[in-house]
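Participant: Sequence:
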Amino acid sequence: MSLDPAVAALLKRNSDHLVPAIVQDATSREVLMLAWMDDEALAR
1 MSLDPAVAAL LKRNSDHLVP AIVQDATSRE VLMLAWMDDE ALAR
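Counting from 1, one number per residue, gives the positions in the sequence shown under our numbering.
What the hints contain is simulated information worked out from the structure, not anything from laboratory work. Hints are not guaranteed to be accurate.
Using 20 angstroms as the maximum straight-line C-alpha spacing, the simulated EDC-like pairs for lysine to aspartate or glutamate come out as follows [claimed, not checked]:
# : residue 1 : residue 2
1 : Lys12     : Asp38
2 : Lys12     : Asp39
3 : Lys12     : Glu30
Here the structure is a predicted model, which means the values were calculated and not measured.
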């Protein structure tokens with residue numbers, strides 16, 4: 001799966017130019033992890 005560069009450009013970044021990435025359980029919707037992604041990580 002890849003992220004369209006046009007969509008990536010619309011994401012709000014913090015002062016360090018990072019985007020939050022949240023992982024949730026599909027059934028319980030419990031938040032399992034919060035991480036921060038830079039543009040290099042978004043491009044992968």
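Participant: Against this structure, judge whether each hint is valid.
Facilitator: For each hint, the structure was consulted:
Of the pairs offered as hints, the one joining Lys12 and Asp38 holds, with about 11 angstroms between alpha carbons and a cut-off of 20 angstroms not exceeded. Taken as a hint, the Lys12 and Asp39 pair is honoured in the structure, with Cα atoms around 12 angstroms apart against an allowance of 20 angstroms. For the given pair, Lys12 sits about 23 angstroms from Glu30 by alpha-carbon distance, which is inconsistent with the 20 angstroms threshold.
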